[in-house]
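Engineer: Listed below are the residues making up each chain.
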Amino acid sequence: MNQTRILLADDHTVMRAGLRLLLERQPDMVVIGEAADGRQAVALAEADKPDVAVIDIGMPNLNGIEATRQIVEKQPEIAVVILSMHSDESYVMRALKAGAKAYLLKDSAEADLIRAVRSVGEGKSFFSPAVSRLLLEDYVHQLKQRGEEDSYELLTTREREILQLLAEGKANKDVANLLNLSLYTVETHRAHVLQKLGLHTVPDLILYAVRKGIIG
Amino acid sequence: MTLAKAGTKLVLLAGFGGVLGLMALAGLDAIRALHQLEARNARITQEYLRRHRSLEQIRASFYLSSTVVRDFLLDPNPEAARASLAGLRGIEAQMEAAVREYAAAIRPDEQTLLSELKTDVGGYWSTLAPAMRWTPRERRAEGYGFLEREVVPRRASTLEIADRIAAINDQALSHGSRRSAELFVEYRRRLTEIFGLTLGIGLALAGTSIRHILRLERESRLRYDQLQRAQGELKELSARLVEAQEEERRAIARELHDEIGQSLNALLVDLGNLAAVMVPAAEEASRLLSTAKHLADESVKALRNMALLLRPSMLDDFGLVPALHWQAREVSRRTGMRIDVETEDVPDELPEEHKTCVYRVVQEALQNSSRHAQAHSVRVSVLQGPARLVLTIRDDGNGFDASRVRGLGLLGMEERVKHLGGAFEVLSWPGQGTELRAELPFAAQPQNYEAV
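For the record, the sequence lines run as chains A and B.
Using this note's numbering, read the first sequence as starting at 1152 and increasing by one per residue.
Using this note's numbering, read the second sequence as starting at 106 and increasing by one per residue.
All the given hints hold, so there is nothing to weed out.
Label-pair restraints from in silico Cβ distances: (1) A1322/A to E341/B: 55 to 63 Å; (2) L393/B to A1322/A: 45 to 53 Å; (3) N1212/A to K340/B: 33 to 41 Å; (4) G1364/A to G517/B: 40 to 48 Å; (5) R1269/A to V382/B: 16 to 24 Å; (6) G490/B to T1308/A: 45 to 53 Å; (7) G1364/A to R484/B: 23 to 31 Å; (8) P1280/A to D450/B: 33 to 41 Å; (9) P491/B to P1280/A: 45 to 53 Å; (10) V384/B to V1181/A: 20 to 28 Å; (11) I357/B to P1280/A: 28 to 36 Å.
Pairs of lysine to aspartate or glutamate residues, derived as DMTMM-like cross-links and limited to a Cα-Cα distance of at most 25 Å, are as follows: (12) K1295/A to D501/B; (13) K398/B to D1263/A; (14) K1295/A to E447/B; (15) K1248/A to E449/B.
Some chain A residues flagged as far from chain B (calculated, every beta-carbon gap over 12 Å): (16) A1198; (17) S1302; (18) E1338; (19) L1356.
Think of the hints as simulated: they come from the structure by calculation, not from any bench.
We put the CB at the ideal spot given by N, CA and C, even for glycine.
Isolated chain A (complex conformation) (with noise of 0.2 Å):
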């Protein structure tokens, strides 16, 4: 059987503990190592090469976000998985601008984590229903107080699925491949979608789909 390989970097001890019973009870799921600090995880990730890493925001020595980072820039293929205690747009959009895949509250670890690992195992990115519900309620709120029109009216049907697709995780490539469509074709949308948002970035283009409830 091809199990996901997975690297849990929390300094508590109790929850890694508890996480890694709660994942190794999943048969297509193995802890492959455990790490108490960021230094730790980014050593671990370097030497184990796991598919997936569930990293904890806020540990000591190298926090969760800058191991993160250090870990998906030298190893892309790795899939992060973040868990955090902030449910504030802030941690989630520095999670994602290190690269971060899934962005889980600890308090939904023990609903959630499964189903996280799952769903960046599959190249998707996944957010905890508490964060997503809250990007969300504040993006319509906003709306609603500047009497903004949505902008994402704007957008043709493929550009939609485009945006759904890119925010998801995939890459232009996979994309192309999905949609039976030319790479150039596609950077061309994506370029489009970017600049009808008015965003910059692919982490802003992923906040965004959270907010608008297209993903998580």
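Given the structure of chain A, go ahead and fit chain B onto it with the hints provided.
Structural biologist: Relative to chain A, chain B alone:
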């Protein structure tokens, strides 16, 4: 203080009153002295004139009488002789009256001369007395001889006495003038003395007053310095209290988050694991388990909120700007106010005190806007200038009279800003909204744009 004030008042009142009194006294005295001098001079002149007149009268009577005597002795006409005789009698009476008058205005040193004059006048008339009873024949026979022998010498000696008296009278006049001059000099001396005294007292008073005032000034400056120092210490203390409070909040928030929060999260995971390994039929146990999970879940959420309220972790993790955005979203969610946060060139690495200051000022301001001003929207802007960080918070609420009202909240904000050497300004008018403006001196380091 009151006692010293009363003392000063007394000294000044007594001093200035005394000087003014002395000056008035000197003036009055001078006027009185001048009056006296004038009266005295007038009296002396008058007396002199009166005596002079009497002497002239005596002298004129002598001359007249000698003429009349000669007429009487030498005129052959008996009618004319009789008239001359009557004239002589009249002149005698006039002379006696003049002598009497003169005697009334006599001075003690003239007493002897006067008696001589009286004797001579009496002698003159008694010499004439037998001749006046002469018959015309006798007059023809003896007239010339009598005139030559008796009348003329006697008249001459008497006139000499009158001249001496006149000389004495002149002397008296000049004596009187001299006395007046002496008096004048004395008055001048007295006046000079009083003026000197006044000047002396005035100088002493001025000296005392100046010393007293200087002492008061010194004391008040000392007291002012003390007050300033005490105030400075108080401010320092309050700033340190605020700092300590912030530190405490941060510590508690971190403790809640990192320790208790982590443990509760671990507990949640463990409860989940427990549920997974439990015998599926144990319904009662799984109900209890889910209650426990629910409780732990609620606790985590409550704790997270509490920690954020105490001190939001983004302030320490990401800096001011994300923390302000979070705060704006939170307050907006809670109150329904629209809050726009605009930031420009604000560095990620602001000093701790600046970060906290801006964050807390905004927090307090938003609270005021929603709680007191019933604002619908608030604009928060933070701009980094060349040498200072400028914070502006403007709402569209009720506003107030900023020149009269200043609550504790505003004072607290001002304290925070001033402690960092900044300036704080409140612009508000009833019905016009409120604008708070704080400027913190801070020069940003050149930003590292490579960092995300």
